Structure formats: C-alpha cells, structure tokens
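Here's the letter readout for the chains.
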Amino acid sequence: MKDLVGIKDISRQEIEEILNTAKAFKEVLQRDIKKVPTLRGRTAINLFFEPSTRTRTSFELAEKRLSLDVLNFSVSTSSVVKGETLYDTLKTIESYNVDYIVIRHSSSGAARFVADHTPASVINAGDGTNEHPTQALLDAFSILEVKGRLDGLKIAIVGDIIHSRVARSNLYLLSKFDTEIRFVGPPTLLPQNVPDNVKIFYDLKEGVKDSDVVMLLRIQLERQNAAFIPSLKEYFHLWGVKKDTFSYLKDDAIIMHPGPMNRGVEISTEVADSSRSIILRQVTNGIATRMAVIYLLTPKEA
Amino acid sequence: MYNLIISLQTHIMEKELLNEQEIERILMRITHEILEKNKGAENICLIGIVTGGVYLAERIRNKIKESEGMDVPLGSLDISFYRDDINLAKKHRVIKPTNIPFRIDGKRVILVDDVLYTGRSTRAAMDALMDFGRPAEIQLAVLIDRGHRELPIMANYTGKFIPTSRNEKIKVYLKEISGKDSVVLIV
Numbered sequence: 312m313k314d315l316v317g318i319k320d321i322s323r324q325e326i327e328e329i330l331n332t333a334k335a336f337k338e339v340l341q342r343d344i345k346k347v348p349t350l351r352g353r354t355a356i357n358l359f360f361e362p363s364t365r366t367r368t369s370f371e372l373a374e375k376r377l378s379l380d381v382l383n384f385s386v387s388t389s390s391v392v393k394g395e396t397l398y399d400t401l402k403t404i405e406s407y408n409v410d411y412i413v414i415r416h417s418s419s420g421a422a423r424f425v426a427d428h429t430p431a432s433v434i435n436a437g438d439g440t441n442e443h444p445t446q447a448l449l450d451a452f453s454i455l456e457v458k459g460r461l462d463g464l465k466i467a468i469v470g471d472i473i474h475s476r477v478a479r480s481n482l483y484l485l486s487k488f489d490t491e492i493r494f495v496g497p498p499t500l501l502p503q504n505v506p507d508n509v510k511i512f513y514d515l516k517e518g519v520k521d522s523d524v525v526m527l528l529r530i531q532l533e534r535q536n537a538a539f540i541p542s543l544k545e546y547f548h549l550w551g552v553k554k555d556t557f558s559y560l561k562d563d564a565i566i567m568h569p570g571p572m573n574r575g576v577e578i579s580t581e582v583a584d585s586s587r588s589i590i591l592r593q594v595t596n597g598i599a600t601r602m603a604v605i606y607l608l609t610p611k612e613a
Numbered sequence: 117m118y119n120l121i122i123s124l125q126t127h128i129m130e131k132e133l134l135n136e137q138e139i140e141r142i143l144m145r146i147t148h149e150i151l152e153k154n155k156g157a158e159n160i161c162l163i164g165i166v167t168g169g170v171y172l173a174e175r176i177r178n179k180i181k182e183s184e185g186m187d188v189p190l191g192s193l194d195i196s197f198y199r200d201d202i203n204l205a206k207k208h209r210v211i212k213p214t215n216i217p218f219r220i221d222g223k224r225v226i227l228v229d230d231v232l233y234t235g236r237s238t239r240a241a242m243d244a245l246m247d248f249g250r251p252a253e254i255q256l257a258v259l260i261d262r263g264h265r266e267l268p269i270m271a272n273y274t275g276k277f278i279p280t281s282r283n284e285k286i287k288v289y290l291k292e293i294s295g296k297d298s299v300v301l302i303v
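Residue numbers (the numbering used here), protein chains in the order written: chain X, 312 to 613; chain C, 117 to 303.
Do not take every clue at face value.
Using 16 Å as the maximum straight-line C-alpha spacing, the simulated EDC-like pairs for lysine to aspartate or glutamate come out as follows [what the hints assert, rightly or not]:
no. : chain 1 : residue 1 : chain 2 : residue 2
1   : C       : Lys207    : X       : Glu328
2   : C       : Lys212    : X       : Glu328
3   : C       : Lys276    : C       : Asp297
From the derived model, a few chain X residues whose C-beta atoms are all more than 10 Å from chain C [as the list claims (entries may be wrong)]:
no. : residue
4   : Thr364
5   : Arg367
6   : Ala426
7   : Glu491
8   : Ile511
Hint data in this document are derived by calculation from the structure and do not stem from the laboratory.
Owing to the predicted nature of the structure, the values given are computational and were not obtained by experimental measurement.
Glycine is no exception: its CB is placed at the ideal position from the N, C-alpha and C atoms.
All chains should be built: construct the whole structure from the sequences, respecting the hints.
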C-alpha cells in the first residue's frame, strides 16, 4: 500500500494488520529509549493547511520515534498565502525528495489529489468533512486494547456527526467489523441518510442504552452561530454526557473523545476525569498507531 | 504473436536434518554448554528472537531450571524495526510485540535463534538489545548454522552446522507452532 487516504479504501485485513503492528510500536513507546532506527535517512513532511496542534504533534512524534527526518509546513508560514497552488506546493516538496507526506486540508479530496500526484506515501490527517483515517484507527486500537475485540460491540457516536470526518472514518472502520453503530445527537447535526447498519437516535439516553463504547465528538463553537444548536448550554443539557448518563450504559462501558474536548458542552468534567474515560489513552495510542501506518506504507521507488 | 507459457514442474524435496530426539539432545547439550561457560546460571538471561528463537529459549530456560533449580529471566525480541531492509522486513511476517520484562544492564544476555544464516538478524538483534540497556555480554545460541555469513558474526553455541547452498531453504518445525519437532532441508 502506498497511501492511507481513507478507511473506506482499505480492507478489514489491512486494518487488522495496522492494529497488530501498532501493538508492537506501543511496546517501543514504553521503553527507556522510545525510538527505533527503522526509517533512518528517510524524510517526512507534515503539510498542514488547517490549524492543528494535536494531530500534527502526534504525527511528528510518531515520525521521530521511527527515526525519520521531519519537516513541518503550515499554512500561516507557507507560500500558500502567497497564492501558490496545491499542485505547485506538492512539486516543490517533491524536489526535497521526501518519502512521506502527511496532509491536512480543509477541502475533502485534497489527500487523494496529493496521493495521485506524488511517488511519496501520503497519509490523510483530515480532509474537509471527508475522512480522518488515523483517528479511526487509533480509536479502534484503543477499543481493542480495553475490550479485546471489536466484533459484537454496541458503539454510540454522539454529537456533530454531519460535519465530522472522525465520525465518517469511524463509521467506515466499524462497519467492516460486526458492530452495532448508533448516531446520537440533535436532528440538525445528524445525517439524513445513513447506511442500514446505523441506527439514529435523537435522545441521548435511548441512544447510549446498553452501549459498550460512547464516542463523543467535539461541538465546534461556531455551530452555535450557524444555528445548528440553540445554545451550548442547551446542548449540554440534552446531549452532553454527564455522570447520570452512566446508568444507561453497560457497566464496563468506556467513554472516548478525539479531543480537544469542551468540558460542559459535550462532556461533563466528572465524566472526562472518570475511570471510564480513555481519552488520554487515545492520545498515547495515536502515536503508536501512526507509527504503524507510516511503517506499513511503501513509497513508490523513484 | 503467441505468448509462450512455460510451466516448470518444480520438484520440491524435503530432507529431514534433525528429528525430535536429536533436537532435544542438542538443546540439552547447549544448555550444559551455557552453564559451563557462564559457571552456572547466575546473572544470565535468555532472549529469543521471534518466532522460533522464543520457543527454543523457553525450552533452554526449562532445562536450566531442571538442572540448576533456577528461574532465569526470559524475554522475546522482534527485530523487524531494526532490519537493514525495511521492505524485506515488512514482507517477512506478522510483527509480535517485543517482551523483555526485566533490565538487561550488567546481565549476560544469551540470544537464541533457530537458524544462523547471513548474520543480519543477529546484527539487528544486537542493535535492538543495546536500546534496552548495557548488557555485560551478549552470547549467541543457535539450533542450526547454515553458513553464508555476510557479517563477521559467529555463534557461541551451535546445535548443528549444516553447509547449504543459497538456493536451499531450511525449515524449523517446533511443537509449539507446528505440532512437531523437526528440521528439514528444502531443495
């Protein structure tokens, strides 16, 4: 495989290979020397056309742990503001002979475009509202680590699903396993048409009932201005996961969030800091999972 | 134009080099050699290279326990991330997490592998070990040495030296994975 553009394009077997490899990298991260020489002498560039601290940091650390040389290219400092096209930016970067390109872009399809026009391996770090494949992989890895399986689990995804590339990638991934998927949130933030394996709930308690995993999505504050939700306070009241939500879940259910979270909007402070929350574990696992993805991709020989 | 398809019937021949009993005797001998060279089991640890080496290391550990009444630390090492050819490493096999649940600083580490061939795996394993600490010494125990070294590496304990040609393959079957103990040469 040369690129990871979306979960949609890869098979269950490929997903399992990534998750299995991530397990080996997680061990590396627990050593005193948290670095392996695997990709010594190769170069990765993080091409971020959208602001992001966490995803970029996570990729950067994953790359460094693999002994890659790392370049960061972000929009505020780049030539894009001077009017350069994505294609020309790409060709410039290619001239540095980079082997791996991690791209985040506000346009859906940008990662595919870049992947099709370069011999380097391209990893999509989020493109518009399309996909964020490494987030779904690290989520799956985290669930697997705690639950030991994905098959047979009831998973509720709560929040702004319609605008969320995380939700889409998770939907594609979980659909390749035998899972029960629920979308929960206000009607304005849920898609109209969903695949047959997804159930829609407008009521939080009904939606999370008996679930094994509750994945929360960030409510972007600008959604309030666009009138998708009446107010953040009301959102918290109706769809925010609070301590009393626990009584509807399975006893060993876990709470996940891709970050950054808004305490008091989609999640209460007690829930965020409770033992059920595996939010910080997701962050650690993100590095191991991204190392596995980079390791398994093979750039085209020049 | 015709496309000529030439089908070659390849005759695969398997020849057994070691049977169950012979493997058992070799491991017994290697265990005694390890104990002799290190004057007992004090301060030694065994680290098997994934996959075959792990089971061999475990068997040697059990034999040391029978003979000395001592549990020596046992670990397993996956060298995929230390190989000198990443594309080969990826094709190689499924990666298993490394598990070395003890400090190797100041220890005499005995690396265990099933087949010693080019020496590249041993080189990778030594590099990996150095990331875990500073062992007092690294020794190497192998079931089969088939020659064709590409690096200046030699085993301290060799089960059997079997001169081979590069086209031949050596396959090690172990009970823990294959249900039988046998070493075969595939021609």
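Exercise. What hint numbers does the structure not satisfy?
Worked result: none
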